[in-house]
Every structure is written in structure tokens, then in C-alpha cells.
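Peer 1: Residue numbers (our numbering), protein chains in the order written: chain A, 400 to 514; chain Z, 636 to 749.
Worth flagging that the hints you see were computed from the coordinates, not collected in a lab.
From a predicted model like this one, the values you see are computed outputs, not experimental measurements.
Any given hint could be a false lead.
Within a straight-line C-alpha distance of at most 25 Å, the following computed DMTMM-like cross-link-like pairs (lysine to aspartate or glutamate) qualify [as the list claims (entries may be wrong)]: (1) Lys736/Z x Glu414/A; (2) Lys736/Z x Asp458/A; (3) Lys640/Z x Asp690/Z; (4) Lys689/Z x Asp458/A; (5) Lys482/A x Glu471/A; (6) Lys672/Z x Glu423/A; (7) Lys736/Z x Asp666/Z; (8) Lys413/A x Asp429/A; (9) Lys691/Z x Glu471/A; (10) Lys691/Z x Glu677/Z; (11) Lys672/Z x Asp453/A; (12) Lys744/Z x Glu502/A; (13) Lys640/Z x Asp458/A; (14) Lys706/Z x Glu677/Z; (15) Lys691/Z x Glu502/A.
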Amino acid sequence: DGGITQSPKYLFRKEGQNVTLSCEQNLNHDAMYWYRQDPGQGLRLIYYSQIVNDFQKGDIAEGYSVSREKKESFPLTVTSAQKNPTAFYLCASTQGGYSSNTEAFFGQGTRLTVV
Amino acid sequence: DQQVKQNSPSLSVQEGRISILNCDYTNSMFDYFLWYKKYPAEGPTFLISISSIKDKNEDGRFTVFLNKSAKHLSLHIVPSQPGDSAVYFCAAILNSGGYQKVTFGTGTKLQVIP
């Protein structure tokens, strides 16, 4: 079955440590996104990527980094520079800029807690 | 700069009645609009979409209306069911030069009261 997979579902990190969240899709989608959701708030865009080896900052990119070495994978690293990293992180993908298919597919999310 | 806004953070509706969720946007270049439903600690699930060249799209109990002149869209759920209780996000897609960007609203929490 095609889909988008995030791992792990729950993640704990000590202050001062970097941590990488995984996102893999087998939908052959060109575009991938990372969002952050805080309690009672909407989805805020961290980074997005339209094609391999290319990505752009979203609205709240500070303290995060990404890579897009493969079409299927878009890992997000939460660095120690991120002031409030505890949140629910969602990865999504869409087919791409010239596609008429508009649906964005989401992973099940990763709950990151800094301890 | 919030390009997609949902001004009502919450909404309560009696079972069987109509739920109307609203969304406003500022960028007239958006190509598509989508509605998602989200439960706590889960990824959003797609409900319905509408192209910017249309003004209505219907799928079962869900209907989305688009008013381009007002830069406003709404999701109607009729009849509302307790299982519809969730957070609903509207989203807008911009296709530009082969690039695609999805922008989400802040969400509206719907509670359907049995």
C-alpha cells in the first residue's frame, strides 16, 4: 500500500541534543513538507521540498534543518538551537507543482518531548 | 503573515443539524483549497477539495463552497454526527513555476453534541 511513514511515533530528547525525525513516502510524490503543531494551534510550516536536493524554509525554520537526498525521504533534524522543540511534528507530501492531484497525504506524526 | 485563516477556534452543533466551518484567505493566486479532519495525535485526513475555478463541490455529507470575490470558503456538514467531532483545517495550494506549496489555516475544533 502506498503511503507516508513517520518514525518514531514518540521521541524523547535531552536538552542540548540534536534529534532526527524520519519521513518516508512511496507515493512517488515530488513535494514533501514538515509541519509543527502545538496544543490548540494550527499547522505551521517548517520546511518544504519540491524536488530532490532542493528545499525551502517555511514560516518557522529556525532551529531546524532538513535534507532531500532521495525522492522518498525527507528527514527533519531538530537542533539544540530550537528554543521550544516539544511539539507534534507532521510530515506531508503532494504530487508536485504540475500535477492536478491536489491531495496532501500525511504521516501519523511524531510527538517529540524534550526532557 | 497568515495567508489562510480560520477565525473560529471552536464550534458546537447538535447532532443532525448543519455544521458550517469557515476559512478566509488573502492570496488570490491559490489554485486549490482543501479541508482536512484531524484527531489528537494523528495525522490529518483529507475530506474534500475544490478548484479555484469552481464555486461548489459536494461529496456525501460534505459540501465546500468557494467565494473568490470574498476570498472565503466554507465547509458544510449535513447532517452532523458525533463522529464528526474533530479539528478541521482548511488548506490552500499554490502552484507556481512547477513549485507547489500547501498552507494551512489554524483549525476549528468541532464538537457535535448527541
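Peer 1: All hints, please: hold or fail.
Peer 2: So, going through the hints one by one against the coordinates:
A C-alpha spacing of about 32 Å is found between Lys736/Z and Glu414/A, which places the hinted pair above 25 Å, so the restraint is violated. About 12 Å separates the Cα atoms of Lys736/Z and Asp458/A, which keeps this hinted pair within 25 Å; it holds. Under the criterion of a C-alpha separation no larger than 25 Å, the hint pairing Lys640/Z with Asp690/Z is consistent with the structure, at around 19 Å. Simply put, Lys689/Z and Asp458/A have alpha-carbon atoms about 29 Å apart, too far for the 25 Å limit, and the pair is violated.
Simply put, Lys482/A and Glu471/A have alpha-carbon atoms about 29 Å apart, too far for the 25 Å limit, and the pair is violated. Proposed proximity of Lys672/Z and Glu423/A is supported: the alpha carbons are some 22 Å apart, at most 25 Å. Distance restraint check for Lys736/Z and Asp666/Z: the Cα-Cα separation of roughly 10 Å lies within the 25 Å cut-off, and the hinted pair is therefore satisfied. Of the pairs offered as hints, the one joining Lys413/A and Asp429/A is violated, with about 34 Å between alpha carbons and a cut-off of 25 Å exceeded.
Using a Cα cut-off of 25 Å, the hinted pair Lys691/Z and Glu471/A is violated, with the two alpha carbons roughly 34 Å apart. A threshold of 25 Å between alpha carbons decides the hint, and for Lys691/Z with Glu677/Z the separation of about 28 Å lies outside it, so the pair is violated. Between Lys672/Z and Asp453/A, the direct Cα distance comes to roughly 30 Å. Violation of the 25 Å bound is thereby established for this hinted pair. The suggested pairing of Lys744/Z with Glu502/A holds, with an alpha-carbon distance near 21 Å, which does not exceed 25 Å.
The suggested pairing of Lys640/Z with Asp458/A holds, with an alpha-carbon distance near 15 Å, which does not exceed 25 Å. Between Lys706/Z and Glu677/Z the CA atoms are separated by roughly 29 Å; this puts the pair beyond 25 Å, and the hint is violated. Restraint check for Lys691/Z and Glu502/A: the C-alpha separation of about 17 Å stays at or below 25 Å, so the hint holds.
The structure does not agree with the numbered hints 1, 4, 5, 8, 9, 10, 11, 14 stated previously, though it agrees with the rest.
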